[in-house]
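Chemist: If you want the building blocks of each chain, they are given just below.
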Amino acid sequence: MDDLLQEFLTETNESLDRVDAELVRFEQDPNNSQILGNIFRLVHTIKGTCGFLGLPRLETLAHAAENLMGKFRDGMPVTSEAVTLILITIDRIKTILDAIEVAESEPAGDDGDLIEQLTAMTEAEGAVRERLENVAVSPPLAPHPEQAAPPLAVRDRDVVDKGPPDASTAERSEDERERVSSHSIRVNVETLDHLMTTVSELVLTRNQLLEIVRRHEDSDFKVPLQRLSNVTAELQEGVMKTRMQPIGNAWQKLPRIVRDLSAELGKQIELEMTGADTELDRQVLELVKDPLTHLVRNCADHGIESAAERIAAGKSQKGTIRLSACHEGGHIIIEIADDGRGLDVARIRAKAIEQGLLSEAEMESKSEAEICNLIFTAGFSTASRITSISGRGVGMDVVRANMEQIGGTVELKSAHGSGTAFTIKIPLTLAIVSALIVEAAGERFAIPQLSVLELVRAGSGGEHRIERIKETPVLRLRNKLLPLINLREILQLGGNEIDNGFVVVTQVGNQIFGIVVDGVLHTEEIVIKPMSSKLRHIGAFSGTTILGDGTVIMIVDPNGVAQALGRAAQVARADEARSDDGSGANDEAMTSLLVFRAGSQQPKAVLLSLVSRLEEIDCRRIEMSDGRHLVQYRDQLMPLLRIDTHTALKQDGAQPILVFSDHGRSMGLVVDEIVDIVEQRLDIEVTSEQPGILGYAVIKGSATEIVDIGHFLPQAFSDWFRWRDKRTMPRARRVLLVDDSAFFRDLLAPLIKAAGYQVVAVASAAQALAAVKSGPPVDIVVTDIEMPDMDGFALAAALRDIPATAAVPVIGLSAMISAEAVERGRDVGFHDFVAKFDRTGLIAAIKEQSGDLHQAA
Amino acid sequence: MTMQSETDFTEFVTFTIAGQIFGLPIGRVQDVFKPMRMTRVPLAGADIAGVLNLRGRIVTAIDMRNRLDAKKREVGEPSMAIGIENKGESFGLMVDGVGEVLKLADTEREPNPVNLDRKLAALSAGVYRLEGQLLVVLDIDRVLDLRGEAVAA
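Which chain is which? The protein sequence lines are B and Y, in order.
Count the first sequence with our numbering and you get residues -9 to 847, in order.
Count the second sequence with our numbering and you get residues 252 to 404, in order.
Honestly, the hints are just simulated from the structure, not real lab data.
Worth double-checking, as some hints may not be accurate.
Quick list of in silico lysine-lysine cross-link-like pairs, DSS-like style, CA-CA up to 27 Å [as the list claims (entries may be wrong)]:
{"hint": "1", "chain 1": "B", "residue 1": "K403", "chain 2": "B", "residue 2": "K356"}
{"hint": "2", "chain 1": "Y", "residue 1": "K338", "chain 2": "Y", "residue 2": "K370"}
{"hint": "3", "chain 1": "Y", "residue 1": "K285", "chain 2": "B", "residue 2": "K519"}
{"hint": "4", "chain 1": "B", "residue 1": "K231", "chain 2": "B", "residue 2": "K415"}
{"hint": "5", "chain 1": "B", "residue 1": "K84", "chain 2": "B", "residue 2": "K243"}
{"hint": "6", "chain 1": "Y", "residue 1": "K370", "chain 2": "B", "residue 2": "K519"}
Bound conformation, chain B alone:
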């Protein structure tokens, strides 16, 4: 394309964006002659250039718009219709410009319609004045648009073109911004990038020189080198700055958008912008532009109420959208807030259920904030009607995804009736990031700190120890099993893996895992350089960088590591794993299972969350007593149980065992080997009659026995239970266990039984009600909350209504316990709430409830 034309297009597009913003300002403040002057000049320039470049269509259009604006300058009242017409004209000019950019020539077409309207409006004022272009200094407008009398004094000195109106002292300060823009030049981005590279090289050379001088104590170079050093640092900072742009550049279009929206929606909306001069890297700026626009549209469309609604709610009739930006650490914080109605939690809830995102039962355990966050889910929209503003296919999920892509976050706060606020936190620049320089197998690598949560020192002597589940190393960190992956292993660096090292706890999306490295050297601000095309296929790296000492090192990509880690990475969520309640194949229905072999070649599995520890015990420490195997473990005698008689204890070496703990007591299950940890939906396909085996499930392609730990607990603790039962249990009380998941029924029933109760297990609330009506009296009801058809809340309420069971304590079982669920549970008569995996807590709750009953009786 012709350079001149290219230049014209770039410049004009920028000017038009400014005209957009200025016009909106002008409409609100029609007396500001300064703004009008700016607009007039911009349009005039476009017209002039078009004529020069031979673009007659654009020229005619710009001319017509200019004429109308000339009228404003002469004092014609500024009406909303007139501004709209000019805005439409500007849109048309933009369309033509786009076409020119593609075709390199003006597209065919006729703008007669617009020109006619513009001319009509120009002439409507009546008095047609000549010499419009000669009027350079804008006459002040009448204080009210209705009083349209043009001030004569100004028209008297109209002959000389005075050029830019900064000649007038009154206008000087207002005009400062304009002057700044005329002092700036356009620089190719490549030039800037090249400059950046050169400066990096300068920094490296300086570092080398400093190193040399350090070795020669009394060098003459010392002082000048110090100067060079400072200048270099300044230069580096300066060059970095050239890449920074004020965020206001991304906001320029917003006033126009909000104005158009107000008109379209019939709402009164004001856009307040603060911190527009907050700077960030141009690359990041480009990426936040669209998400920001979307959020502002959303506020206008969904957030702000109509004037009538607002008055009814006792608010001012004009709604406000506040856009602000500021720096915080290495981040920029952008807040988009409205003072509208806030998110409609009930509607989001209903919509999410309707769209099948979550079941009604799952909803119960969600807090209000969690429900609000559902709007970020893909495909979610609460707008009951698709307006032209929202519902354009760009959803909030895209906003979040875009932000996360650049290492940012979006947070949402909403208060019913008083507004919604989105807080966006993004790194200032993508080119320079803070990174952890780590060492593995004698080589250095950088890990971006954005995804690093914490550093844990792991060693045999320290607080944290790397445990090994067969091939998978794990770290127990604050009661969570963190899957680990060694950097040596991912990168195939070889060498012996050592268990003494550092664990870089990393988060990618909602996966948390640890990267094991040999050492952590320091943190450094690194300049990310793109990877060579010959290396780009290596997923473990996201780029390269040059360290201060001049060496090139690879930047580890946490996303790539997460992929390498694969399914094991989800182990971290084992503690949050939900039961298999058939609510669709979402991740939360996954269960972590520990697969092992014992007795036979057929793999066996237990719920990982039931296992407290994996140990290898020296065979020599295993003692026999009273026909039972025991081992001294943590100052206690721990019984060792075998799954069946085929399982033999090893004669020498280390015996692997799974440790299960309950009430401070532990039992060890003897196994031959630990095979794997898998994360999958648990479907017990065939149930088993064999004691100790719940059934069979297909895990990783092979039929696996699911072991019933509940079967083994009483074997280990029989004496203990008997002793306790004698004291507390005059007679066996009946517990009604209600859970739609067979797995949990089968897991919990033996457990409750083991604690000395009779258990009646049923699969639904309906069956439970049938059981209390027809069966023998029940002392305690333990019910799952999330069940199809009739949930735990409904069951509790129904039991309240039956005289026979009105006083029976009901204990709720839930995968997730929120304060709201507990409160709601109390209202309908729940006596206690226990997390599904908290076996100790469940037994304690049953004891407590039956104890209360006992005393009362």
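Since the structure of chain B is provided, determine the placement of chain Y on it from the hints.
Modeler: Positioned in the frame of chain B, the structure of chain Y alone reads:
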């Protein structure tokens, strides 16, 4: 006007890899440097010797011995690098030594002899018969068309 005077000449930077002389048109060569502080790139193909910093640019070094299936370089064996630019990226061809610049007539360039080593032929853009030696003109595009790239991707 004779045929001779019409002939165009090309200047070649010559270098040796495992005893064989190669040449690259001088226009394709950015610089010749001694590779220092090379960083190995884990998981990269064997053709990638590593990455290094050359005056602020990151250069991807290609192990030409490996590329030609020649014997691996011994530790401490001297090496040089031929710096080239390709599609905006910098590469360094790791060679054993750099020789003189030769000005050779285009007409003297011959197609690959049929008995040329298959590996050499794959990267050759023709040969020159020098005194008692064969100079292979490297086809840089083919050198940079790494097999590992497609395999590992």
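Chemist: If a hint holds in the structure, say so; if it does not, say that too.
Modeler: To see whether the hints hold, each was checked on the structure:
{"no.": "1", "hint": "B:K403 to B:K356", "result": "16 Å, holds"}
{"no.": "2", "hint": "Y:K338 to Y:K370", "result": "25 Å, holds"}
{"no.": "3", "hint": "Y:K285 to B:K519", "result": "22 Å, holds"}
{"no.": "4", "hint": "B:K231 to B:K415", "result": "20 Å, holds"}
{"no.": "5", "hint": "B:K84 to B:K243", "result": "13 Å, holds"}
{"no.": "6", "hint": "Y:K370 to B:K519", "result": "33 Å, violated"}
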